[in-house]
Each structure stands twice: as structure tokens, then as C-alpha cells.
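Q: Okay, here's what each chain looks like letter by letter:
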Amino acid sequence: MEGRIIVITSGKGGVGKTTATASIGAALAMEGRRVAVVDMDIGLRNLDVMMGLENRIVFNIVDAVHGRCQLRQAAIRDRRIKNLFLIPASQSDNKNVLTPDDMIRFSKKLRSEFDFVFMDCPAGIEQGFENSVAGANDAVVICTPEVASVRDADRVIGLLYARSITPRLVINRIVPDMVANGDMLSHDDVLDVLSIELIGLVEMDDRVVIATNTGTPLVMQKGSAAGEAFQRIAKRLNGQHDLPIIVPSASKSIWKTIGTKFGIRR
Amino acid sequence: MINGFFRRLMRSSKGGSKNVAKKRLKFALIYDRLEVSDDTLNNLNRDIIEVISRYFEIDKKAFKLDICRYDDVSALVVNTPIIATKHKKRAKSKKAK
Numbered sequence: 003m004e005g006r007i008i009v010i011t012s013g014k015g016g017v018g019k020t021t022a023t024a025s026i027g028a029a030l031a032m033e034g035r036r037v038a039v040v041d042m043d044i045g046l047r048n049l050d051v052m053m054g055l056e057n058r059i060v061f062n063i064v065d066a067v068h069g070r071c072q073l074r075q076a077a078i079r080d081r082r083i084k085n086l087f088l089i090p091a092s093q094s095d096n097k098n099v100l101t102p103d104d105m106i107r108f109s110k111k112l113r114s115e116f117d118f119v120f121m122d123c124p125a126g127i128e129q130g131f132e133n134s135v136a137g138a139n140d141a142v143v144i145c146t147p148e149v150a151s152v153r154d155a156d157r158v159i160g161l162l163y164a165r166s167i168t169p170r171l172v173i174n175r176i177v178p179d180m181v182a183n184g185d186m187l188s189h190d191d192v193l194d195v196l197s198i199e200l201i202g203l204v205e206m207d208d209r210v211v212i213a214t215n216t217g218t219p220l221v222m223q224k225g226s227a228a229g230e231a232f233q234r235i236a237k238r239l240n241g242q243h244d245l246p247i248i249v250p251s252a253s254k255s256i257w258k259t260i261g262t263k264f265g266i267r268r
Numbered sequence: 155m156i157n158g159f160f161r162r163l164m165r166s167s168k169g170g171s172k173n174v175a176k177k178r179l180k181f182a183l184i185y186d187r188l189e190v191s192d193d194t195l196n197n198l199n200r201d202i203i204e205v206i207s208r209y210f211e212i213d214k215k216a217f218k219l220d221i222c223r224y225d226d227v228s229a230l231v232v233n234t235p236i237i238a239t240k241h242k243k244r245a246k247s248k249k250a251k
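Protein chains in written order, with the working numbering: chain A, 3 to 268; chain B, 155 to 251.
Worth double-checking, as some hints may not be accurate.
[As the list claims (entries may be wrong)] A few chain B residues facing chain A, derived, Cβ under 7 Å: (1) G170; (2) K172; (3) R178; (4) L179.
[To be verified] Per the computed footprint, the stretches of chain A lying under chain B, defined by three or more beta-carbons under 8 Å from a beta-carbon of chain B, are: (5) 68-76; (6) 148-158; (7) 175-185.
It is worth saying that the hints were derived from the structure and are not from the lab. Every residue, glycine too, gets a C-beta built ideally from N, C-alpha and C.
Pulled out of the complex, with its shape left as it was, chain A reads as follows (with noise of 0.2 Å):
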């Protein structure tokens, strides 16, 4: 069976896109399907030190699509989660070294080795954005509750529209105790002005920071909000489409409030 090619975009920086990748692929890793993480930051990496292989790269993207080394030799595998493999990218290049007719033709190759392809793009929507689109049978794209990432993400939706691609929704770093006070868009309101599909919506999570500090993927982090969400939004893609989508909720328990009060508890 050949294998999907999923774009993780959205326009705008520091939202979560590799967060994403990461935890999103190493959750459909942990479902039993064969998964690679295509980091498509050429000369900025990053997915490496996200999942913590970033000390066994020996070959890029960019030699594979060039046909300096094998598919095989550039796909690095996870050895605490089977079936998850990383392709890195090049640090030395720029991105104009790869077309998107290289990626159409690498995309083959990838559909054919792997059941799911994560590219990670990178921010903006210039050569990057057009090499990581270029092969892809679908698109998630990610964006936070604040206005100038939901403008990006309409732009990319359009752009990815514009390619036949339909792509679904994740909303990450959702506050929850901010939207109960009217102080942060809810997803009800990002629905409203994007009007796509929703896959997932992901609340802020310190875990995240401790999950990259040591190279973790937050999937595997027991009692992680955001790692479960990832996990679900992974299900979905997998074939769960009837799974519910859980709108994160602000704790009323009083304990917690009490918590909050004395700084045990955030």
C-alpha cells in the first residue's frame, strides 16, 4: 500500500510546528505504522534535537534527494520507538538546493517505504514552504489562538487550497483559564473566521518545555495534556475519524484554585 505524505505548516514561526511533527509521528509510530519525520528547515534544523537524534546524523535530506546516499541512510531510526524514523535536514545548505520537482520525484521513494510522511515545514511561504507542499497528498495546518498566526494560517490555507490540498486544523497553546475569561480567542471563534476542518486542539503544556530540554517525545511523557492531544490528533489521522475532539477546560476544582492561589499549582 503506498503511504501519505502529510505537510505540518503554518505560515507564521513558533507555533508548533515541530512540536507537532515530532509528537504527532511518534504517536502514529507507537499505532504500529511505519513513520518518517522529514525536517524540511534546510539550514536551520531542528527536528533533530526535538526528538534527540541530533548526535546520529550522518546524512540529509539533501544527499538523499540528490543521490548522494540512500533513502535508507539518511532515515535515521528511533531506538525507543519502533518504526519512527527522522530525516534531517541539511545544516550547510540553503534552501534553493532542493526544487519542488526534486521533492515530487523523492516523495515516490518515501510513499513507498513509509505508511505516513511528516514534512515539517518551515516558517514562511517561500522556497520551503513550496518544496515541503510540493509531494504532499494532505496538510495539517497549526496556529495559536492570537491574531497574527491566525492570519498566517488563512493565508496558507488559501495557498495550500490553491494546490488541491484540503487541509485540516490543529489549534496549539490553547490557555484555557484565559478563554473562560474572555481573554483569549476559543476555538469556536478561530473556527469562525477560518471556516476548515478542525483535527485537534492541543493546550498549553509545560511539558513541552521539558519534553525538548531533554530530547523526549512528549507522546511518551505519562500525563501530558498536549502529548494526548498530539496522540489523538495521530489516531484521527489514522483512520479514527469518529474519535471526539476534546475542547481543553479550565479546572473549576478548588484545590486548584486554592493551588493557584499559593503558587503550588498553575
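The hints should help you fit chain B onto chain A, whose structure is shown.
A: Frame of chain A, contents of chain B only:
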């Protein structure tokens, strides 16, 4: 805690800053999607003032040009206070020129 309760009450009556965010976002998207540049809008602004000024004396500083969105359609809304109607004869003679 009581402070927080009152703050929450105040906020819910005002609606919180997210309403401002949503309004700004909607406007930004309208401008983005229509792909009208500031230059185009400024030129349109100037031209409309010019045309209206042939017939009315208007307060140019209070003149307002907006693009509003109602569900699926975008509308151009022009709002201007009229100070006086220009004399018909003068308007006609100007037209004749």
C-alpha cells in the same frame, strides 16, 4: 479571590480582550483576502472625496471609507458628514466644463 471574582464579572460584562482580537482579525483577513493595498484604498479615498466635493461641501477630515463584511459579501461603506449642498448652478456650470 473576591478580587478575581469581581474581575471576572467585569470582564464578562465588557467581553474581554478576545473580542477586540476577533474584530481586528476579521478586518485583517478581509483586507488580505480582497488583496487591496493601502495605496489602492488611499487613491479610492481621494477620488471619492473629489467626486462628492463637486456636489457637496463635506468635512474631509471626518470622511470614512470602510470595507465591511456580511457573511459572504464584502461591502464598501462610505460615511461623510455633509456641511452644505453646493449651489446647483455652480455645480451645473462645473459639470458643463
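Q: Report the numbers of all earlier hints that the structure fails to satisfy, in ascending order.
A: 5
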